[in-house]
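Protein chains in written order, with the working numbering: chain X, 1 to 339; chain W, 1 to 304.
Take these hints with a grain of salt, some might be off.
[Said to hold, decoys possible] Each computed DSBU-like pair below joins lysine-lysine, with the alpha-carbon atoms no more than 30 Å apart:
(1) W:Lys36 <-> W:Lys260
(2) W:Lys36 <-> W:Lys99
(3) X:Lys205 <-> X:Lys248
(4) W:Lys260 <-> X:Lys162
(5) W:Lys99 <-> X:Lys205
Hint data in this document are derived by calculation from the structure and do not stem from the laboratory.
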Amino acid sequence: MGGVGRYIIQRLLLTIPMVFLLLTVVFLVLRVLPGDPVSAMLGGRNISVEVIESYRVRMGFDRPLLVQYGSYLGGVARGDFGTSFRTGKPVLQELFLRFPATIELAIWGLFVSIVLGIVTGIHAATHADHLVDHSIRVFHIASFAMPLFWLGLMFQVFFAVKLGWLPVAGRLGGRLAFTFHSITGFYVIDAIIQGDWTALADIAKHLVLPGCTLGIALTGLQGRISRASMLEVLDADYITTARAKGLKERVVVLGHALRNALIPIVTVFGLQFAVLMGGAVLTETVFSWPGIASYLVRAIEARDYPSIKGTVVFIALFISVINLIVDVLYSIIDPRVRY
Amino acid sequence: MGQHSVRGAMITRALHWATRKITRGRRELRGQTILKIGLAIVIAFVLMTVIATRFPALNGYHPTLYREGTRLEGPTATHWMGTDQLQRDVFSRILGGGKASLIVAFSAVALSMVIGSVLGWISGFTGGLLDRVLSLTMDAIYSFPSMILAIVLVAMFGAGLAPMIWAVGFVYIPTYFRVTRAEVLQVRETMYVEAARAIGVSNTRIVLRHIAPNTINAIMAVSSFNLADAILTVAALSFLGFGLPPPAPDWGFDIQNGQKYLQSGAWWLITFPGLMIITLSLGFGLIGEGISDLVNPKRKRKRV
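Please model the entire structure based on the sequences and the hints provided.
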């Protein structure tokens with residue numbers, strides 16, 4: 001088997017203890033910490049002890065903690081994330097239904113942050129210590145310090161309410177929300193498959209504000225790393241050589257420096273996905289985006305423990321997979337990395 | 001008598017050390033524009049919050065008492081930042097609205113700093129199975145989206161200041177763990193630690209006397225960035241409704257409140273609290289930048 005193949009398998013095996021640990025942390029946090037799930041679920045209403053007790057037995061909360069832990073782990077291993085208290089449907093099924101929305105938003109956000117971050121970062125690096133550099137750095141730091149939900153609301157106020165250019169919230173507007181037929185759950189792909197161009201335009205319009213909100217919030221990190229990485233590479237001897245050969249600066253930067261500068265940038269990708277998912281919670285809340293993050297917030301509000309746990313585990317698994325993909329990407333960009 | 005002179009010498013030495021640190025600190029502070037701006041912002045915000053909490057109606061309008069009159073009035077000469085749906089002055093609410101953010105951010109970062117660094121020192125110094133288990137656990141927590149973790153934790157703990165401190169604090173523990181552990185591993189191999197071990201210095205003493213001081217710089221820079229991040233996390237938690245109960249003024253909560261009147265174009269309800277959050281978070285971020293430059297002058301290196 002090839003080097004990369006073996007590496008992927010090794011990494012997959014390594015994610016098992018990682019996910020196992022996260023499962024344990026989640027279980028402990030949700031079960032051991034104060035707050036009885038059953039009384040929380042039934043609300044502060046006046047319910048007799050017998051009813052609460054019957055619910056406890058039905059949901060298995062009467063068993064010893066270790067047994068609960070075991071059955072919880074076993075369930076997850078079999079792909080059983082439990083049933084939502086709130087809707088009565090399997091949690092995993094609900095998550096899969098909402099997952100495409102989150103991914104669509106995340107990809108668009110990532111795209112915006114890559115374009116803005118890498119382009120501005122490299123531009124700053126090639127103009128180090130000039131006014132451009134300083135302005136870009138201020139922009140990066142400001143994007144770091146900006147509350148994402150605030151940015152989203154400001155966008156809504158100006159571009160949706162005042163100017164009326166874009167829709168305030170949601171994934172689809174007007175009649176389309178009822179008539180649009182979704183196949184994959186990824187609306188952009190669905191619209192293209194069906195050749196429904198009016199829907200595609202509407203979907204794109206709905207994506208602009210949440211995507212930019214998420215993207216700009218991530219730009220700071222991306223941009224700062226791009227700048228630092230590019231500066232580092234531009235100092236290298238082979239860049240001096242390339243310049244000495246009389247190559248155009250554009251060729252030196254884009255042809256010689258960029259590939260090496262990309263290595264740390266890609267490394268941050270994995271980390272960024274965690275930030276991206278965190279940002280998605282707020283973006284989805286602000287823009288009423290029907291993804292897993294807003295599902296989590298609603299589950300929390302309803303004290304729907306199986307859904308909360310399921311979503312957390314789902315996100316943990318997803319992050320592990322992303323980290324794995326990033327590591328493999330890493331080997332493609334940097335051939336020196338051997339497995 | 002002998003005992004006394006020894007103690008005297010120790011006090012002299014300590015004083016000497018302190019003055020040296022302070023004078024050197026002042027010398028290093030000179031020319032650190034970024035650090036100074038950051039410090040000025042943070043100090044100004046702390047003072048503003050303390051004063052506004054002590055004297056709420058400083059500008060003539062009480063932040064929590066509502067009055068009769070026109071609701072949702074835009075910025076005017078009398079209400080600089082407009083009024084909300086209960087005819088409360090937005091400006092007076094903004095002055096004291098950072099209380100929860102500051103309290104939670106400082107406490108949470110202090111909490112995670114202590115727990116994380118101690119675990120990091122122990123883990124890095126002892127190594128072995130304990131180190132492996134701790135590292136793996138911390139990596140697992142670290143890889144998970146911190147915002148989601150904080151939200152889930154706070155949801156479990158319940159709303160309020162103390163739950164927010166625990167939730168936000170928990171999220172940052174792995175950061176300090178990783179920073180200190182990495183430093184410890186580096187310092188552990190140095191000659192002077194080996195020398196200390198060779199002359200029979202106890203492990204506790206090696207950690208406290210030789211390893212801990214070496215990790216302080218890194219921890220300081222990291223904690224400033226964490227404070228900047230904590231301000232945003234607290235704002236987000238308050239925005240989602242896990243913060244102080246109303247009617248207490250709070251930036252995050254006020255933004256959530258403003259969201260309801262967004263469609264009617266009441267931009268001032270959202271804009272001003274948000275600007276406060278940005279400025280404060282920026283202040284901590286600048287301090288972090290400044291400290292990093294101080295600690296690691298290579299970062300500032302100009303290109304030839």
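Here is what the structure says about each hint:
no.: 1; hint: W:Lys36 <-> W:Lys260; in the structure: 38 Å, violated
no.: 2; hint: W:Lys36 <-> W:Lys99; in the structure: 23 Å, holds
no.: 3; hint: X:Lys205 <-> X:Lys248; in the structure: 40 Å, violated
no.: 4; hint: W:Lys260 <-> X:Lys162; in the structure: 15 Å, holds
no.: 5; hint: W:Lys99 <-> X:Lys205; in the structure: 39 Å, violated
Checked against the numbered hints given earlier, the structure breaks hints 1, 3 and 5 and satisfies all the rest.
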